[in-house]
Amino acid sequence: MSMLIKQGLVVDPAQGINAIKDILIDKGNVVDIADCISANIEQVINASGLVVIPGLVDMHAHLREPGREDKETIETATTAALAGGITSVLAMANTAPCIDSAQAVGLLQKRIQKSARANVFIAGAITKNRKGHALVDFRGLQNKGVAAFTDDGSSVDDEKLLSKAFGVARSIDALIICHCEDTMLSAGGSVNSGIISTRMGLRGISKESEYKRVERDIGLAESAGAKIHIAHVSCAESVEIIRRAKQRGAKVTAETCPHYLMLCEEDVTDFDTNKKMNPPLRSKDDREALKQAIKDGTIDALASDHAPHTENEKDIEFERAAFGVIGFETMLAVGITALYSTGVIDVDMLVQICSTKPARILGINKGTLVKGSDADIVVLDPKHEWVVEKRDIISKSKNSAFLGKRLKGRVAHTIVNGELAYSAGGVL
Amino acid sequence: MGGWKQKDLLGLEYLTKEQIEHLLVTAESFKEVSTRGIKKVPALRGKTVVNLFYEPSTRTRVSFEIAAKRLSADVINIETETSSIRKGETLIDTGLNIQALKADIIVVRHNASGAAVMLARHVDISVINAGDGWHEHPTQALLDIFTLKQKLGRIEGLKISIVGDIAHSRVARSNIWGLTKLGAEVTVCAPKILIPPEIEKMGVRVTDKIDNAIHNADAINVLRMQFERDETTAFPKQLEYFKNFAVTEERLKRAKKDIIVMHPGPINRGIEVSSAVADGEQSVILEQVTNGIAVRMAVLFLVAQGRRNR
Numbered sequence: 001m002s003m004l005i006k007q008g009l010v011v012d013p014a015q016g017i018n019a020i021k022d023i024l025i026d027k028g029n030v031v032d033i034a035d036c037i038s039a040n041i042e043q044v045i046n047a048s049g050l051v052v053i054p055g056l057v058d059m060h061a062h063l064r065e066p067g068r069e070d071k072e073t074i075e076t077a078t079t080a081a082l083a084g085g086i087t088s089v090l091a092m093a094n095t096a097p098c099i100d101s102a103q104a105v106g107l108l109q110k111r112i113q114k115s116a117r118a119n120v121f122i123a124g125a126i127t128k129n130r131k132g133h134a135l136v137d138f139r140g141l142q143n144k145g146v147a148a149f150t151d152d153g154s155s156v157d158d159e160k161l162l163s164k165a166f167g168v169a170r171s172i173d174a175l176i177i178c179h180c181e182d183t184m185l186s187a188g189g190s191v192n193s194g195i196i197s198t199r200m201g202l203r204g205i206s207k208e209s210e211y212k213r214v215e216r217d218i219g220l221a222e223s224a225g226a227k228i229h230i231a232h233v234s235c236a237e238s239v240e241i242i243r244r245a246k247q248r249g250a251k252v253t254a255e256t257c258p259h260y261l262m263l264c265e266e267d268v269t270d271f272d273t274n275k276k277m278n279p280p281l282r283s284k285d286d287r288e289a290l291k292q293a294i295k296d297g298t299i300d301a302l303a304s305d306h307a308p309h310t311e312n313e314k315d316i317e318f319e320r321a322a323f324g325v326i327g328f329e330t331m332l333a334v335g336i337t338a339l340y341s342t343g344v345i346d347v348d349m350l351v352q353i354c355s356t357k358p359a360r361i362l363g364i365n366k367g368t369l370v371k372g373s374d375a376d377i378v379v380l381d382p383k384h385e386w387v388v389e390k391r392d393i394i395s396k397s398k399n400s401a402f403l404g405k406r407l408k409g410r411v412a413h414t415i416v417n418g419e420l421a422y423s424a425g426g427v428l
Numbered sequence: 001m002g003g004w005k006q007k008d009l010l011g012l013e014y015l016t017k018e019q020i021e022h023l024l025v026t027a028e029s030f031k032e033v034s035t036r037g038i039k040k041v042p043a044l045r046g047k048t049v050v051n052l053f054y055e056p057s058t059r060t061r062v063s064f065e066i067a068a069k070r071l072s073a074d075v076i077n078i079e080t081e082t083s084s085i086r087k088g089e090t091l092i093d094t095g096l097n098i099q100a101l102k103a104d105i106i107v108v109r110h111n112a113s114g115a116a117v118m119l120a121r122h123v124d125i126s127v128i129n130a131g132d133g134w135h136e137h138p139t140q141a142l143l144d145i146f147t148l149k150q151k152l153g154r155i156e157g158l159k160i161s162i163v164g165d166i167a168h169s170r171v172a173r174s175n176i177w178g179l180t181k182l183g184a185e186v187t188v189c190a191p192k193i194l195i196p197p198e199i200e201k202m203g204v205r206v207t208d209k210i211d212n213a214i215h216n217a218d219a220i221n222v223l224r225m226q227f228e229r230d231e232t233t234a235f236p237k238q239l240e241y242f243k244n245f246a247v248t249e250e251r252l253k254r255a256k257k258d259i260i261v262m263h264p265g266p267i268n269r270g271i272e273v274s275s276a277v278a279d280g281e282q283s284v285i286l287e288q289v290t291n292g293i294a295v296r297m298a299v300l301f302l303v304a305q306g307r308r309n310r
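Respectively, the protein sequence lines represent chains A and B. What the first sequence shows, in the working numbering, is residues 1 to 428, in sequence order. What the second sequence shows, in the working numbering, is residues 1 to 310, in sequence order.
Do not rely on the hints blindly, as some may be mistaken.
[What the hints assert, rightly or not] Cut-off 30 Å, straight-line C-alpha distance, at most; resulting in silico cross-link-like pairs (BS3-like, lysine-lysine): (1) B:192 with A:284; (2) B:181 with A:284; (3) B:102 with A:314; (4) B:201 with A:291.
[Said to hold, decoys possible] Restraint ranges, calculated between C-beta atoms of paired labels, are given here: (5) A:311 with B:240: 45 to 51 Å; (6) A:311 with B:102: 52 to 58 Å; (7) A:249 with B:14: 48 to 54 Å.
These are computed hints drawn from the structure, not numbers from a lab. We put the CB at the ideal spot given by N, CA and C, even for glycine.
In isolation and in its complexed conformation, chain B is listed as follows:
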């Protein structure tokens, strides 16, 4: 394929299989930078990256900040509270102001689905979606896929199960887009109330039995259960969830021996995953964190190139 032409990364829905593969290969080449004594390359020297976070986030923001700094970019963090009703500067106005400050890339995290898409439509500088509502979290899915590929050597034909609050998960959606485009067989598993309507039309299998999700799976991606945003009384109680859906050693006994356990973090130990599994041999949770740097370096690097190539 030729040069990268996308100025933005808004979601894996909007990328082709080839583009995703190109991103993964680029991430591979950046992984080594973080192992050097001097962990820096000049790829984005003189560029300004603005982390615009409307939702509290530590790990994604820090990961983007480290990635940008290892590419020698200047990084500004803006963390701001927002509410649906509060009057204030609109997202578009904020974006235009950041553009007027001659920043080059906005990394945006927002609680409304579609926020990054809307922002990208209104600014000429690059926009990277660091999570928008329940919609997409493309860099998380890319680092999940990158980690899988490192561990298993391929994605095509793999059986991957995603367990947890699928309905409210942008991580699940981005993983579904990315994995299905790369030819994996994806199963989603959750209590029925947390399965969004017609999700099978995204090309996934659906089950509400954790043992079905684990059986025969090459990897299982365990989502964080966000009981803190419990909106409905029908939301399963924590203990009940642990009993019926947690990934435990006991359950993994019936899984493939070398099954990989992933989690986007932060972990609720004893809720969606037992401590023994989270810390166990099959867990790649901390490798995911490390790989996140390489993946985000690749994304920052490519969108900057994409803007030049337009």
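Isolated chain A, as found in the complex:
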């Protein structure tokens, strides 16, 4: 099946393209990009006035399958991802069972093959059952095809064990993704520690509980000469630690999430549990620091931390409600609204943080439209404004922090492996 995308503004930083082009797709691959391609093609998409970019790579997602299919399934998650222009996701390992063995990876791969509508890459756990006591078989999991290792949801408290993990990862050139949280400092908290936790009468989660762990984990990775990626960076201090580590040549990369760029701690004072996540929304100053960090490259990637929860787990007292928000369907629009429309970054940079760089960090063959690459493509209307409504959410869970918010930028079409998989207004 071939397809021609006509006259869109093609933005692909990996090959330095930012121009009106035609893209020819055949048998799942990009076969040509040129100013004007004339061919007798079955399917033509008129992208005039629209922007054509590589499909988004979301390197932080909780698909909940296996184990919590009441929250989300691989099928519902990837369908939601397509609506948000996300063509590849990295599935976190905190499922039930945990993805901590080659066997668990194999079972997950079968489910993905059966029901995934976008590309799903798998993260393996660092420790068995994410308990922080014993390392998984890194080589076994890598051979089975995991793209990274993470205990996300938990930090590895045991310093020696994590050092050992970095050593093994270094020897097989694997990536470890760190959820940085010292629960000795954060336990019992539900919002940022400071004036907001004080006003709300809730226990706080200090920034210290995050950045001290960021500092420790980067140090351990450096000592081992290993790569490290910091998940969901939420505060200025973490940014500064990462910035300095990069300056001295550490192999560190980092992501932040859309909610930290558009919202802040003050937005949670209405006790809306859909704005409760971990790490929590921080101060306006932290939000500014994150934007600057994206601008100067300290933060490499935008990742959704898509974390579906049922209403039963959210419509309860704030301190008892589950942490986490969904994010697939709003990530690109929040990126456009908070970063591009406000002039913080240009469209090239937007594509880099949403697609080019996360693909590179994970070492996967995605994030570009170079000839021969997989035809994962998003056709985007960056000017289209819309309001996030619960009834429009495709994800099985509706716990979006952006309900009722007006966002800019809408996905017109999503193409996965050369097939048109989503068009605005409906999944195909």
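Put chain B on the given structure of chain A with help from the hints.
Frame of chain A, contents of chain B only:
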């Protein structure tokens, strides 16, 4: 100002200065009812008030019950144990059931901060917050402010100190919101471990020296020290607390002569306040209890009006 439009009273954070003043004036007009031979007015006749208490409370619940009865409302009390993990009917479901029983006002006491806010978002009937976690206890603060105003004639420009476990006190938070909105200068005083982070951003002064809190203060509001919920080993021991923070006659000698001593009760005699002070001339503790009726009558009356006016 026009008619009252709030169907709920969730906290003093959510009220304007004018609304707080309106509440106080309304309470003033209800105070007289409790001095009559027949202590009843028909203002809420035919209305049903449900006291939904998830935490043990005698004085607040009884005060609300008396207030509602003096307004001729029918009162139902539901007292229920809750725990963070125990499965059972959710707060929202309970609220919807009470609404389905055609009650008009829910007075809710809950151990989770924000519980009243959440409940009010899910029901159409009125919700009055009778204390939620560490968050707010608006009727307590209103009766404290009402008592102060009766004693001193004004709130603006007064120097008020709140002493005790500020970190875990909903009474402190509601008082801070109410007093600062009305133009008082508020100081909070506690051991450092019991001062919540960045509280100075609420517009208060902070000290860990009781003598600083007493010096120059027009009134001092002494909070109950809840040693029974001692969660941290760093919590000061009772004797040590008495030595360093208790309001005693000795300390009051260095205070303004007519300083007013308040306490939301129940008192720990000999811990946060000496018996001599609690029973002394400067104490208005029992007047607070009496004023609580008038204030809660005003709140019940106004939220019922607020629901009609919406």
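Verification of the hints:
no. : hint                         : in the structure
1   : B:192 with A:284             : holds (26 Å)
2   : B:181 with A:284             : holds (25 Å)
3   : B:102 with A:314             : holds (27 Å)
4   : B:201 with A:291             : holds (25 Å)
5   : A:311 with B:240: 45 to 51 Å : holds (47 Å)
6   : A:311 with B:102: 52 to 58 Å : violated (26 Å)
7   : A:249 with B:14: 48 to 54 Å  : holds (52 Å)
Hint violations for this structure: number 6 only, all remaining hints satisfied.
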